[in-house]
Amino acid sequence: MDKHRRKFLKIAGASVVAGIGAPAIIKLTATPALASGQGVAAAGHEAAPAAEHGGQGGHGEEAPQGVRLGMVIDLRKFNERPELLDAAIATCIAVHNIPEFPNSKDEVKWIWKAPFSGVFPEHSSQHSAKKITGNPAVSLCNHCDEPPCVRACPTQATFRNSANGIVAMDYHRCIGCRFCMAACPYGSRSFNWYDPRPYIKKYNKDFPSRMKGVVEKCNFCSERLALGQEPACVEACQGTGAITFGDLNDPNSGVRRLLDKEFSIQRKPSIGSKPSVFYIV
Amino acid sequence: MYNKGTIIPGLIIFVLFVTFPIWFNGLTTAGDLPKPELPPGGEKKCVESADYMRASHMQLLNKWRDNVLRDGNREILEIDGKKYPKGLQTACMNCHSQKEKFCDSCHTYAAVEPYCWDCHLTPKETASKEAIH
Amino acid sequence: MIEKTLKGKPAYWIWLAFLGMFMAVGAACYIRQYNVGLGLTGMSRDVSWGLYISQFTFLVGVAAGGVMLVLPYYVHNYKEFGRITILGEFLAIAAIIMCLLFIMADLGQPMRALNVVLHPSPNSMLFYDAIVLNGYLFLNILCGWVILTAEKKQVKPPKWIYFFVYLSIPFAVSIHTVTAMLYCGLPGRHFWLSAIIAPRFLASAFAAGPALILIACLVLKRVANFDAGRKAMNKLITIIIYAALLNMFFVGLEFFVAYYSNMPGHIEALQYMFFGMEHHGVMYNNLVPFMWAFVVLAFGAIALLVTPAARKNDLVLGIACLMLFVAFWLDKGVGFVLAGFVPNPLGEIVEYIPTMNEIGITLGVWATGFMVVTLLYKIAIGVEHEVEG
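Residue numbers (numbering that gives the first Met the number 0), protein chains in the order written: chain A, 0 to 280; chain B, 0 to 132; chain C, 0 to 388.
Extracted from the complex, chain A is given alone in its bound form (with noise of 0.2 Å):
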């Protein structure tokens, strides 16, 4: 074993010199150029994540570290153009692979179109303004910074990627409790009740699906930063300002730059999960 690990670290430390490919438009990692030298080092043992990200919570905030990736939604630009958000959502099932069942309780959603008062229960107000709670707002994984599911998971299948903040799923390690979807606050995770393969309308080769039984939601795009993309939603929006998508622990970034300007809200904030998914509304 010690030998093959060896052989494959001469591998991969050659490759490190090729880098990632196309220039990444988010900056993805604390420090670049090492964050590839460390992730070889640390392939060998098991997951090194969870121990580096500081932020306890508790009293005050503690500067933060690293990077924590996050989105800002423009809902406004969403109400004035409804068909850009049908495309993002479009956008998203194709490129993830996910089955569109026909029947609603066995559904798969990743990103989503739901009531204003479901979305933001703590922001309703008696008389509220129709253009704005009128109209549907989206809902997607809120990527916390404290994520319950996370901490209700008794495998690590769900955790929080301490290099981005994204809390990602592994599905090979999934058992299908559950105990996740009863803990996340904004109903962003699915089960599949079936086998989804006879229910994904066309197939996005570059990406796996998902099997019976694993619980899944949105991964950020994870796959597409890794090759320098953005997110497949902020991409079905550009150029209109409706998703802005970024590292919010860099005080010059777009996402934080946009927050500074305008007034924002995240999603049920009396839950202190900390969501990485802010909106204008």
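Keep in mind that the hints were calculated from the coordinates and are not lab data.
By construction, the Cβ of each residue, glycine as well, lies at the ideal position given by its N, Cα and C atoms.
A hint or two may mislead.
Claimed, not checked - For lysine-lysine, the following DSBU-like pairs were computed, each having C-alpha atoms within a straight-line distance of at most 35 Å:
hint	chain 1	residue 1	chain 2	residue 2
1	C	K234	C	K152
2	B	K81	A	K104
3	B	K44	A	K201
4	A	K267	A	K76
5	A	K201	B	K123
6	B	K3	B	K100
7	B	K62	B	K100
8	B	K81	A	K201
Claimed, not checked - A few chain A positions that, by computed beta-carbon distances, are all more than 10 Å from chain C:
hint	residue
9	E82
10	L83
11	E106
12	K129
13	N251
14	R255
Given chain A, work out where chains B and C should sit, using these hints.
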């Protein structure tokens, strides 16, 4: 010898039954060594030696899986100028495009059913539903 | 001692065959579910736990209830429970086996169940639940078997076993506490997010478990010539009444907090359970009959149990205990888990109706539990008869 008439046929049946795997595999093709078909594109080089891959492709795949999914290490391997993203579907199947003639030949022989294909799509499968991109 | 299960009256075999039939149907239903997926159940994206997990939750209580016999006998030296303590321990074994079966039936990928051990996650309450449940199962098998063997040989049980007997007491409390923590630690579910869940679970467990043991005593008196003794039964009744009242008190407190504070998040699930909830012009009230049946049965049972004339009659006593058991099954084995998912995190209401396949599996697991308890009680009573007779 008592009960010759029952004991001897009984013994024969017993021996035949116990040796079933041996003569069955000898008479049929089930025992023939599998001959996995090499990549149709004529690709000769893999990310590792054939010996290593034959013995340890599953460990390598597991390692790639953990690298990509858990450690966020999606480094693209470059070997002899050829680039390999760490992925069964995105790297392996590009050359070994016929899972049925490559993977399955040994897996069937060894009677293993890896669950890779529950999620990962084979080229044949993607072709069955018009792929995008 | 196992040989005692191999001899019995025809009624014994008919009963086992009856249970075996349900087990076979359950197994067939499970094979179907294993092949097709959990889509064969009534569970959905919004009500993602159903009968299986609710039965599990209730049965953890039944298992923990056994401690109400162990504790008085071993800690308070209440000798009257000497004959029936073993019934509590053996019932706990059967209940935990049912719990584990229900968990397996609920997993989407049962073949990967051992990932819980391979990738231990101390942040997950399910991790601790697996530890305490299996620990409690082991303790009960060990204590029950060693003490029964000693009784058979008519010697005193070895001293070391008492360590495990005393250890099983906190374990009994822990299994239900940790099971409560599965629910009450989830930030997005108002109905479950209540510090009183664990005490409430324990109270209903300490009523439902002993109620089932009392029913078993009454049945065994008729079919197996086994007399638990009036004094022991009266003590059990006292325990049941206090625990049942406590549970009703805790449920009442939930009502007070929700309706006096008038906070929608706290009211919603109770409203849905007991009165039905209107949403977009549709009335959702699937659970209403079950919840009122719970209230009526629980208070009816308590009223019967506190009436001296009523509880002297074995039949009335049995019916009262059965009423209470069913009541707390409705409370915890139906209402508690299902209502926690209503409304869903996006404020919508999706109702859950179990499918036939799901009910088949559920009955199969219950039948398995009854089978285990029957066989174990056969052994225990066989030994007692042998010693006495």
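Quick rundown of the hints versus the structure:
1. K234(C) with K152(C): 29 Å, holds
2. K81(B) with K104(A): 46 Å, violated
3. K44(B) with K201(A): 32 Å, holds
4. K267(A) with K76(A): Judged against 35 Å, a Cα distance of about 22 Å means the pair holds.
5. K201(A) with K123(B): At roughly 13 Å apart (the allowed maximum being 35 Å), K123(B) and K201(A) satisfy the hint.
6. K3(B) with K100(B): 51 Å, violated
7. K62(B) with K100(B): Holds, because 25 Å separates the two Cα atoms, which is no more than 35 Å.
8. K81(B) with K201(A): 29 Å, holds
9. E82: 23 Å, holds
10. L83: Its Cβ never comes within 10 Å of chain C, the nearest being 21 Å, so this holds.
11. E106: Incorrect as stated: the minimum Cβ-Cβ distance to chain C is 5 Å, not above 10 Å.
12. K129: 17 Å, holds
13. N251: Given a closest Cβ separation of 32 Å, the condition holds.
14. R255: 26 Å, holds
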